[in-house]
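Asks: If you're matching them up, the sequences are chains A and D in order. For the first sequence, this note's numbering assigns the number 1 to the initial residue and increments by one for each residue that follows. For the second sequence, this note's numbering assigns the number 287 to the initial residue and increments by one for each residue that follows.
Derived from the structure by calculation, the hints contain no laboratory data. Be aware that one or more of the hints could be misleading.
[Unchecked claim] Pairs of lysine-lysine, DSBU-like flavour, derived with a Cα cap of 30 Å: (1) D:Lys448 with A:Lys32; (2) D:Lys314 with A:Lys32; (3) D:Lys451 with D:Lys314; (4) D:Lys444 with A:Lys32; (5) D:Lys314 with D:Lys545; (6) A:Lys32 with D:Lys451; (7) D:Lys626 with D:Lys545; (8) D:Lys598 with D:Lys547.
[Unchecked claim] To be clear about the criterion: a stretch of chain A counts as covered by chain D if any three or more of its residues have a C-beta under 8 Å from a C-beta of chain D, and this derived list gives those stretches: (9) 25 to 35; (10) 41 to 53; (11) 140 to 146; (12) 234 to 245.
[To be verified] If you only want the chain A side, here are some residues facing chain D, beta carbon under 10 Å, derived: (13) Thr16; (14) Lys101; (15) Asn107; (16) Asn121; (17) Ala281; (18) Leu282; (19) Gly283; (20) Gly284; (21) Gly285.
Just so it is clear, CB atoms sit at the ideal spot from N, CA and C, and this is done for glycine as well.
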Amino acid sequence: MTDRTEERPTGIDNTTGHEWDGIRELNNPLPKWWLYVFYATVVFSIVWSVLYPSVPGLNSYFAGVLGYTQRDEVAADIARAAAGQAAFRQKIRELDVAAVKADPELNRFSVAGGRVLFAENCAACHQAGGTGAPGYPSLADDDWLWGGTPADIEHTISVGIRGQHDETRQSQMPRFLADGMLTAPEVEAVVDHVLSLTGKAPANEKGAQIFAEQCASCHGEDGSGNRELGAPNLADQIWLYGGDRAAVRQTVAYSRNGVMPAWAGRLDEASIRMLAVYVHALGGGE
Amino acid sequence: MPEDRSALKETDSVLGIFAPSLYADRVKVYPRAVRGRFRNIKWAVLTFCLVIYYGLPWLRWDRGPGAPDQALLLDMSGPRGYFFNIEIWPQEVYYITGLLIVGALALFLATALFGRVWCGYACPQTVWTDLFMLVERWIEGDRNARMRLDRQPTSAAKVLRKSAKHAVWLLIAAATGGAWIMYFQDAPTVVREIFTGSASGATYFFFGLFTLTTYGLAGWAREQVCTYMCPWPRLQAAMQDEHSLIVTYQGWRGETRGKHKAGQSWEGRGDCIDCGACFHVCPTGIDIRNGPQLECIGCGLCIDACDDVMGKVGRPLRLIDFVSLENLQNRAARRPERLKLLRPRTVLYGVLLLVVAAIMAAALLLRDTLELSVQQDRSPLYVTLSDGSLRNGYTVKVSNKTRDTMSLRLTQDGLSGANLSIAGSPDSRDALSMVIEPDSLAEYHVFVRLPADRAGRQTTTFDFVLTDESGREVERVHTQFAAPAGGR
């Protein structure tokens, strides 16, 4: 390519004059305005550092003369969001849960907000989407211990199960083996009978008899459960603590008594109602 | 201009050490008007580009009621892109990506074949700089008059001329910034809004931004954009070779240069009479006789200027020519010239260009105006119901890209005995009917339930099938039905 070391035709030397072993350094000066733009950025950064948080210290930092913090921005954003939601939440507070569900706009708002509330408060036990886990019921299936209507769900969330609330959902299954109410062979016979309800074991006459005496008052003659008492249906395919022989034996012998906290007092009324709408929409709502 | 460049050589002696200046003042370029073939091509391209740029937003295109009637519109809030009879959705932005790739490959090909034709003729920086220079010439006169005016002390007449020039520049810049906005909003509406003060803050911001960048880049920065800012001049060295056409001074013919008086013999000297016409007309202010250099945008105005002079002094034209370096050497050595257009790189760029263009064209032609997308719920993956049946949930999205309401039926194929239901609705059926509004996307949460006696332990696959009213299948999406044991 072109030899740029001199300007032709004037012959002006276009190098810096530096030369090492015959290699000369070409002078390609930057435009001055470019240099001034660089100075301008330096000035800008100094002004910025004075106005905004900049220099870190050991325990604190220089906060800047404008007193700007991003936390304030977040707080303002949250306040703005809350203000935007206020009208919806007000309406949700005033209506009952069935009416909220019936209103398409409030229903949409509740499902969207309920999803966030669920993730923050419920998903730790019930898993994302209400998948459930052993001991923590699935909220997406069609089996409900205490009822699956929106109103039932709302009440369960509010008062909890075996919780601290005065009106908490309360039920207690005896510890048949641990408390000496049944002997080990009797427990085994009852387990046989329970498994036979879903065809997982042959019929056991002794077990059936013990079941009728000890269990049927809560779980029903046919083992179909009783929602008034929170007694699970033993004749379906859904098992809170597992449906194999070992899990059922453990339940009969030592009982389970899982606990769900009461959310009234922790969450406001509108949030609980939104959660109920969301949970009802997970796929199992009645 | 070499004589002006002596200013660059300002050197200082600090403590006796030679220290060259690392920063230089900009040497203002005063390009002279020129006539000729390349100037005419440049005017034609300039007119073509500007007419398209300013005119296109005003072109109307009837799409029926409820749809914008602007031929080319990128509606950001819609969000839809309208290109004549094509309407694209945000997820189809890859058509624009494809267009940009085709554009880039075309640029590579053109550069490999003809050098910096983009820079010299079609680049917006060149087009608007040329337009601004035209205004400058109208108001302040040609090169010599402008140089004289700049040297004059401030006077009322000088201030008047300069203000008039900047006023016209700003007017053009405003029209340019305004036209940019019109590609994103309905042109007649946004013009009315801008003038009545009822446009949005964002509109005024971008209007002002593009007005000021046009004014600054075309009025003040000019060739500095190409020399210092633009990465493209640096990249294109990779696309050029000795066969690429470039604007070149034929030194073998021109040297030894020197002044020539009428009647003097041309024996023993070159054709270059050192008149300076070539760098007087150069929009970047370089002397092409120094050989190919990065500032050269390949516009060829120096060819016009030199041809004019060569014609007057009666020497062959094209002392400065649009020629490849290879042929330059051939000419110097009196060897036959050869124009080598087919070279590995040009073939590669050409083939790539055709392939990408064909793929994009095929994608566009085979594009669905109705789309079904299915996403299986991840939590819960499956739900066991009390009767032992299994249920999976799916988010089903149907986008209707037409302007008509569509009545459709969603069924499944591959899960015998399964039924479908929409979340929140109690009835489950073999098929779900869906009514999709025009130009919209409908989202459903669909449950698929497989009875206990049909539900295996293994995850299986099946298809969601969308059919139209006549039962014709329009879309099919393959997905899976998860079961406790997982796997397939």
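Asks: Could you run down the list of hints and mark each one as holding or not?
Replies: Hint-by-hint comparison with the structure:
no.: 1; hint: D:Lys448 with A:Lys32; verdict: holds, 24 Å
no.: 2; hint: D:Lys314 with A:Lys32; verdict: holds, 13 Å
no.: 3; hint: D:Lys451 with D:Lys314; verdict: holds, 17 Å
no.: 4; hint: D:Lys444 with A:Lys32; verdict: holds, 26 Å
no.: 5; hint: D:Lys314 with D:Lys545; verdict: holds, 26 Å
no.: 6; hint: A:Lys32 with D:Lys451; verdict: holds, 25 Å
no.: 7; hint: D:Lys626 with D:Lys545; verdict: violated, 36 Å
no.: 8; hint: D:Lys598 with D:Lys547; verdict: holds, 12 Å
no.: 9; hint: 25 to 35; verdict: holds (count 8)
no.: 10; hint: 41 to 53; verdict: violated (count 0)
no.: 11; hint: 140 to 146; verdict: holds (count 4)
no.: 12; hint: 234 to 245; verdict: holds (count 3)
no.: 13; hint: Thr16; verdict: holds, 5 Å
no.: 14; hint: Lys101; verdict: holds, 9 Å
no.: 15; hint: Asn107; verdict: holds, 8 Å
no.: 16; hint: Asn121; verdict: violated, 16 Å
no.: 17; hint: Ala281; verdict: holds, 6 Å
no.: 18; hint: Leu282; verdict: holds, 9 Å
no.: 19; hint: Gly283; verdict: holds, 6 Å
no.: 20; hint: Gly284; verdict: holds, 8 Å
no.: 21; hint: Gly285; verdict: holds, 8 Å
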